[in-house]
Every structure is written in structure tokens, then in C-alpha cells.
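Asks: Chains as they are written, first to last, in this note's numbering: chain R, 1 to 362; chain Z, 1001 to 1782.
Everything labelled a hint here was simulated from the structure, so no lab data went into it.
Worth double-checking, as some hints may not be accurate.
Listed below are several chain R residues computed to face chain Z (Cβ distance under 10 Å; list not exhaustive) [claimed, not checked]:
#, residue
1, T36
2, L40
3, T47
4, G308
5, A329
Here chain Z is said to cover these stretches of chain R; the calculated rule only asks that three of the stretch's residues, wherever they fall, bring their Cβ under 8 Å from a Cβ of chain Z [stated by the list, open to error]:
#, segment
6, 55–68
7, 168–180
Positions of the beta carbon are idealized from the N, C-alpha and C atoms, including for glycine.
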Amino acid sequence: MSELHISLSVDGRAVSIAAGCTVLDAARELGIDIPTLCFLKGSAPFTSCMVCMVADDVTGKLLPACSSLAQEGMQIVTTTDHVREARQRALELLLSEHVGDCEGPCRCVCPVKMDIPRLLRAVGRGDWPEARGIVDQAQPHCVLEQDCKAPCERVCRRNQIDTHVSIRAVVRAVAAMDVEGDAALAVAPFERNVSVIGKLQDGEKAALMNDASTAAPVKSADPGGALSPDEARQEAARCMHCDCRKAHDCALRSCAEAYEASQRHYGTRGRHPFEQIAQHADILYEPGKCIRCGICIRIAEREAEPLGLTFIGRGFDLRIGVPFEQSLADGLRTVARACAEACPTGALCVRPEIQHPGKVSR
Amino acid sequence: MSEIDISQVDAIIDGCGTARSEAITILTGIQDCFHYLPQAALDRVGERTDCTPAQLYGVATFYSYFRMQPAGAHRVKVCIGTACHVKGAEAVYDAFRRYLALDEDSDTDADRLFTVEKVACLGCCMLAPAVQIGRTTYGHVTQAQVGGLLRDFLAAEAQRAKADGGEVLRGAASGGEVRLCRCTSCEAAGAGAVWEAAEAAIEALHLNVRLQLVGCTGLSFEAPLLEVVGEGGDAFRYGMVRADDVEATLLRHFQPAGLHRRVTTRALRWLDRCVDSFEEHEAPFRYAADIRETIASPYWQRQDHIVLDGAGEMGPLDLAAYRARGGFEALQRCRERYTPDEVIELIVASGLRGRGGGGFPAGLKWRQTASAAEGMRYLVCNGDEGDPGSFMDRMILESFPFRVIEGMAIAAYAVGAGEGIFYVRCEYPLAVKRVREAIQMCVDAGLLGEGLALRVAEGAGAFVCGEETALLAAIEGQRGMPRIRPPYPSEQGLHGRPTLVNNVETLATVPWIVVKGVESFRALGTPGSPGTKTLALAGRIVKGGLIEVPMGTTIRDVVEEIGGGVEEGHSFKAVQIGGPSGGCIPARLADIPIDFDSLHSEGSMMGSGGLVVLDDSDCMVEIARYFLAFSQDESCGKCTFCRVGTRRMLDILERLCAGEGRSGDIEDLEKLAGWVQAGSLCGLGKTAPNPVLSTLQHFREEYEAHVAGQCPAGRCKALIRYAITTDCIGCTRCAQHCPVDAIPFTPHERHVIDDAACIRCDTCKQVCPANAVIIRPKKAGA
């Protein structure tokens, strides 16, 4: 095909594009933004998430932009209510099978929305400036001394295992320390909590413990109950990291925010159980957050991983895993980080120890 | 893990080759050999072939034919196709599980003898419920028979030293002829035993009769059907023949050689009859000899045969007989008189529309393929008939393989294809075998000509592979996940080359059009849908079977005239047409013609032409739930609207059937159905909501009743209870047959059902001789 060009319009603006290009290419040519989740640049479109829906005014039909070939005379619209609702519904369906919290329950109930999970992790590593920075940012509105009733401790999921993390004591220990807060620290604002695990089933409890110390609650040596820095570190390490490791760079969450997609719209009956696979030193895999876009499969295939990943099963039970249920460490020998970074959700994410090299405490 | 013999795996690989595209064939070989896929065997395949571990595991977990866990020595496949479903297949499945005492999470009995599983459709809908054990299919299975069936199978297995009977001609050169079909469904009705009995009788009585294997008549409701053609050429048909009847039937028409033998035979027969009358038969087959079906009955009168031409007369693998009826004339005519373009224009002019589903004009597909890029082109015959409730492709492939091959050869000539592939479901082993043999016979006879290779690829159990892009992925040895179209297969198909994909029936129609001409074809059917259509008639109907009628015949004609209406004591409620992609059309609209456009306008579709008749005992919400469960299970899981959307629809339907419906459920269901229809990637997802939308359109009041906790048809287990009326005669049959001992044994007294223990399996109602068991709504005030 030599220099064949296709003329179409996107949102009323004419565009001419080489034959074989997609509607998404045409829109991007015009600088029109269309959200995508399953699209991976440089790889053939897979067309699974259906979040890139647009409509052709000529036929009135909805089309996935990422893989629909641009055709002569198309009149693509990307912003109508119909298109917007289609995207919203696709996102809501994805959320209805999504298992895993965006934010930890402790932060959700905290009146000043202190980023408690992040604070606990900083304390756990002994990163005192970061910990102090988080406390300081919340401090102006926070009444640590008298009025804090520690609702965070009531909802702490560790209660379902043994006893909650003594969050208030850890926060007080950080506040009492003679250390400068990290002034440059940017704490992400609290956004709507998109997804909630709820009560853990028996089989699910162990899954959350991968990143947490199994130790019993720390008994303070101080008669007044104040924790020493070391005790605070030990106690903070008991945090299970219920919040999503990609809470703030998750494409699914940001799309859900943008399209006001509600997880409750289709209910969450009949989800798969919560699961966390920690077989790999660099990454964690939470299948409950996977949207089956296959980006990781495509990356592993492209980079010639010997074992790689594959789709397993079909229908609602379709999942992504290592062939023959082998270890994730064997499946992804060289491209684990690339897969985690390309993953549009928190299903595959780089482990915190890897994100903070040299600061690992445990 | 048990050791396996790797040399067997090597032999399978050697037989299939090591290309990536052979993955499914190799895995099928391993599955057949070991009854599951042992890890060691898969590792070996990984080592020796170009298949990657990711591909092998992805494929092994996609297709339902494969299993990763060892299975019992014999697999019991309970068909849960539509017709079997409405006739109680789930209860039969449960009965097998109970009989073999299977745990909740196990499908194999403790002795590892039997593995019980559900199968989408065995294509024996008129013998519903059907069960396949090993390679034997049983029809009309009841819960009470389950144990007997397994024993019967083991006994037959023990004597299986005797090889299968030959397929073609038997007996002396003829005085008369005895014809019998042994296709999958006739076998299920007992044709094998009838065949053996006929063989034995002809030999023992020295009858001057030829025993001829023929293609199926489609008269499945009478199977096994024995046709006797006397010396004068007059034909008599005997329906539902049992092996015991065969000798007597033959003697009615033919004289044994010699006077002495004649006399002794008569005497012996008389004696036999005296003894027989003391025995009560409880065999799996129905008894009714001596039904003479006349050719002039409405069943035949209303039919026009194009693809079924020669039904009941011609041997399926009798190439000479096919040619004697004008077979391969069309191919020869195309090659000698027409250019490929002329053949295409002929098909375009005929208005032939694809018989597999959507009804896309076949000629246009041919034209698109022919005008695509030069070089290698492929032709694929889509025989992945996965719709529960249809079996026409199986019957056509089993009974008329040459007709399909001729259609393929003509299409290949027209579009310039060098390789033709029959993609046939592995659930149809006889079809696979006969097509393979028929191809070989055509090659040997030099009929295919230079430059066309035909072969069979077996499907491994995935309904979605009826979708053409998924089908092509399967032939390439991949998971059957569809991709977006365009590009269409006619531009980029198998291995990226232009590929024509046509359904079995479409191809089987082609030779007739070439020989008889466009005018004759258009004279049949309607202007928008010319020609005929085979319909698989099953469900709650008196005469189920395969029929072929002109397009435009009304539903009423098919159900009442041809099918003989619904069973006595019930009223015709609706027909489900087109399987999981189709919809339900209520009895009050029965006068609409059966053609592509009329069905579409009523929210249904032709699909492949499965027509399941429903009566007043069928619950439409439950039927919708059944189809959604099927689509959900068969969804490839790729796109969001299908994978999650159908699941959320099913959640609502399950809630309704369980009596947990809420106000707003119906509206939510309707809206979500609309999104799944609009947003899904392929035909499976786009049409999956049809059974729901069409029942909502025509039977909304039943949905509303379910929200209120009532099932008007008395089918949904959670909404009903069983009770015994004062008509009870105290015979104890119900107590004896109850699988969960929910009915105390109280001879000569009225029996009582313990509602808490009752599993609503319906057995008591079926066995009660006094019709004293009734179904009541669970909630008062129905």
C-alpha cells in the first residue's frame, strides 16, 4: 500500500492519516486525548479493557479506538454522553471484580487524612525525616496530645490477624523526636477510595502478611507508654501495607476518578479472593487488581523471557500467571520491573524495599 | 505423580510435527493417550517442538477437552445442551455424582473408574437427556437408570474385543435392501445393536438381502429407523426398532431360503414370543415397533432437501452412490464451463447467505477473498457447531461428507485457495472420521485435482471458536481469543493470508446451486433469504429431528405440522432459536416466517438453526439464566464487557432464580444487557444478552413474578416445594426412588415429603403412578 491516506473526522476536526492507522492514532494526531489501559505502545493492540471507546456518528456504533482501523468518512466522537457512559460502565465493570484497597483503612478514617501507611513504612526503615515530614504536614489540624481517639487503630486490618499496630504511639514517638522534617516531601492528597477489600476471609489473611513483621505488639519499656525510636521501628514494621503500592500512579484509579466510576454500581458479589504473590524478590503480584490486559505477557514475550507469563483459563476465571503455575521468579527473570512499571494497575508493582534501596531495615 | 511413557509422547509429536501451529493437535493426542495432560508430557513437548511453555499452558487451560488432573478410566459426559437442560440433564448429572459418591470438589470416583463432567452439547438433542460414556452415547437417560447405564457400559466394554462393523455394503447381492443410519444420534438410540441383529438375522436365515449403511433421515424421534426395501422397490420404515424386533421385521418382508428353514423359523418365533411376554423390559430404549411412516406424512411433505438430499438412501461413504445422484457434477461443471469469477458471480446472484450465524452473503465473502492479495490463500469449513441445541453440521458431516467436500472444492476453485481445512469439534468423533475417510477417497479418485489439499483440524472444546477470528487462532495452535475486525479474514486470515471461512451447511448448499441454477435456488425461500434451511428440532416436541425446509416457513408449521406439536397435556409456550446468541419467540408470534430478517426483528437470530421448543413447564427466567451461564462459561475472557458484564448479568439472574430478587433488578439487567451488546468485542459477547433481552421483551411478567419470589412455571428450585396429594395410593415408589430419603416409607398410607431434606430432583413426581406428586409455590399466594 503506497501512500494511501484515509480522511476522517474526530470531534468535528478533519484529519488525514495513512491507511492501516487506528482511530486512536488519528485522535492523537489531533492532540485529542482518549484514555487507554490495555494499550501498549509498540505492540499490536489487544482490545480488552474497552476504556478507549469512541463512537462513529455515521453508524452510531461504539468502537474501541486503540484497534479500530481508521476508515474513510468516519465521524468519530469522543466526548458525547454516550461515549462517556460507555467508558464509565467499562470501568465500573472492572472495579466490580477489583480486589484491593487504594488507600489503607487507617488513612480513610483519620480525620486529618494523615498518610499513615506511608508514615509507618518510613518509620520502619528508620527514615525519620520523611516520617517527621508526614506528621508535620498533618500536624496543623491534628490534636495528637488530647483529642486523638485513634480510629485508625480500630479499623487497622492487623486486628483480623492479632492486634492492631499502635499507630498513635508511633506517631507520638515521631512527633517527640528531635529531628527536622523533610521539607521537600510531597504527600499525595487523599483521593476517593475506589476499592475496598472488606473483611478478610480466612484464606486471605496470610496473603496480606508478606510485607509485615509477624512480631507481637511492642511492649514499651517506658512506664508512661512512650515508644523509643527502636520500639517505634519494630512496631511500625507490623504494618501490612493494606494501601495500594500504586495508589498514586494507577491508571485504573485515575480513569475511575475522571469518569466518576463507582465500584458499587455493579456490586462486588462473586469476586475472586484476595491474593498476594510474593515469590519474586523485586515485585509483588496481586491478581485481584489485574484487569487481564496482558501487557506483562506481551512484554515478557517481546523480551524473550524463557518462561514468561500466559493467560490461564477463560471466562470470568481468566487470569494471568506463570506457565504450569511455576514461581513468578522463574517466569520473570529479566523484565519484572518493566512489567510492574507498565502494569496499568497495582496488580504488579515494585516492592517497597526495591523502591528505597539502602534503606531497608528488616 | 505417576510415571509416563515418554516414547508415547514422542510418537505423538512425530505424527504431528513440531511447528507452533500443531500445539492443539499434539495436546489432543496426549489427552487421548493419557486421559489428561501429564506435566512430564508437556515438558517433553516444550523440549521437542517450537511451542513455548506460555503457549502450551495457555492452550491447555483454554479448551475444555483438556484436563490437567488425571481422570478416571472412562469419562461420563453429561450433555447440558439446551434440549437436555429442559429435559432435566442437571438432575441426571447430580444423579451420576450421587451414584458414584463424588465429593464436592472431585469429579472422579474413588476407584478411578469414572470421571463425571458436563459437556456443552453432544448434538443428540432429540434424544435428550443424552450421556456419553467413553465412545458410547445413551439417549433418554433418567435419574433412575444411572447405575444401570454404568453397568451396561462396563459389560459392553468387556466384550468390545469385537471390532466395529464395516461401514459399507453387507450381505448378498440383492433381492432387497435393509437400510439403517448409524450416525451419532442413531447410535445413541441403539442403532449399533440393531445393526448387529440385522447382520445376524440375515446370516442365520440366509436372507437374500443387502444391509446398507445410509446417511441419516433426520427422523431422530423414531431412531433407530430401519427401512426395508422389498424386491419390488417399495419401502417400509420402522421406527424405534429394538434389536429384538429386527428378525421379525425382516421376516415380514423376506422369505428365508428353503422350506424347512421357513417352517422352523416360524415355530421358533412363536415360542420366543411366548417366553418374551413374561419378561418386562427396562432397557434404556423405548419400545415401539411397527410404526409405518409413510412418505406422504406432513413430516416429509413440508420439507425440501438440498443439503439433505439422499437422506436415508445413500451410504455416507459410498462415493459411487453420491456420484450416481449427480455428485461432483457441479465441481466438474465449474472447472469446465466457468471461470472462477463466474462461479463467484453465480453465488452472489443466488443470494446464498451464511448458514452459521449472522447470515452474511456468502458470495460477497468469496469476492472479497478472491480480490485480496495474491499468493497463498486458505479456505476453512467452520464445523465448530458449538450452540447447545443444534446438530445439523454434525449430521451433514456424518451423512453427506462428499457434498461438503464438493462445496469446498468449488469454493477453493472460485477463490483460488490452495489449502482447505475442515475445523470440526472433537465432540463429533464420527464426523471427523468420516470426513477424513471421504477426503482420502476423493484424493484416490482424483476428484480434488491439482493444487488443493484438504485436511481436518479438530477443535478442542470452545464455543467461541465458532467466531471466525477465534477459529483461525485455534487452527494456528493458539488460545481461541477473537480479535477485532477489520481486517477481515478475507484480507488477513490464517497465518496472515486471505482466508475464506464458510459454515458446513453453506458449503453443502453450493453444489446444488451450481447444478440447478440460481433461478431454482431463488424460487425456494424468501427474497431476502433464498433457499432452504436445516433446522434442528428438539425440546418439548413430539417429533424431534433434523429437517430442511424452505426459508420463510412459519414457526407454527415447523412446530405443529412437522414436529407434531408439544407433548400431550402441555401447551406450546415459545421456541428458542439460535442457541445462546438467539432468543425466545413466544407462541403468539408463531406465524412469523423463519428467515434471517424476520427472526432478527423479533430479537432473535437464526444462529445455526437450533430450534428448541418450550412448553408451559419451562421457566423463561431460568432459560435466560441457563444461556447466560453458558455464554459466561464459554467467554474467552478477553474484553471487559463480556468477561465481567455477562458475569454481572448472571449474578442478577441467579439472584432472581434463587428468590433473592430485588426491585430494580429487572431494569439493571436490561441496561447492563444493552452495554454488553454494544461494548463487546466479538459476536459471542454482542449476542450473549439476546436470550435475556428477548425473554424480557416477551415474558417480562415472569421476571416480575420472580422479583416477588414466585416461579409461575414451577421450575426454580428455590421458589417451589414438592407435596403429595390425597391421590397417593401408598405404593412406596417415591420413597424407594428418593435419592436423599426425604420421603419416609409408609406402605398403604399417604406419603409425606420432608421439605427440609428434599433436593427438588423431581424423581418422585416422575415415578408416581397416581400423579399424586405436585409442585407448589414456596411462598403462599401465587
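Asks: Min Cβ distance, A329/R to chain Z: is it shorter than 10 Å?
Replies: violated, 15 Å
Asks: So, as I understand it, the hint says T47/R touches chain Z; can you test that by seeing if any CB pair is closer than 10 Å?
Replies: holds, 5 Å
Asks: Hey, does the T36/R contact hint survive, CB to chain Z under 10 Å?
Replies: violated, 13 Å
Asks: With a Cβ-Cβ cutoff of 8 Å, does the segment 55–68 of chain R contain at least three residues near chain Z?
Replies: holds (count 5)
Asks: When the nearest CB of chain Z is found for G308/R, is that gap smaller than 10 Å?
Replies: Constraint on G308/R satisfied, holds at 5 Å.
Asks: Confirm or reject the coverage of the segment 168–180 of chain R by chain Z under the rule of 3 or more residues with a beta carbon closer than 8 Å to the chain's beta carbons.
Replies: Per the Cβ count (0), the hint is violated.
Asks: Are L40/R and chain Z close enough, Cβ to Cβ, to be under 10 Å, as the hint says?
Replies: Violated - the Cβ of L40/R stays beyond 10 Å from chain Z, reaching only about 15 Å at its closest.
Figure legend: structure checked against the earlier numbered hints; hints not met, in rising order: 1, 2, 5, 7.
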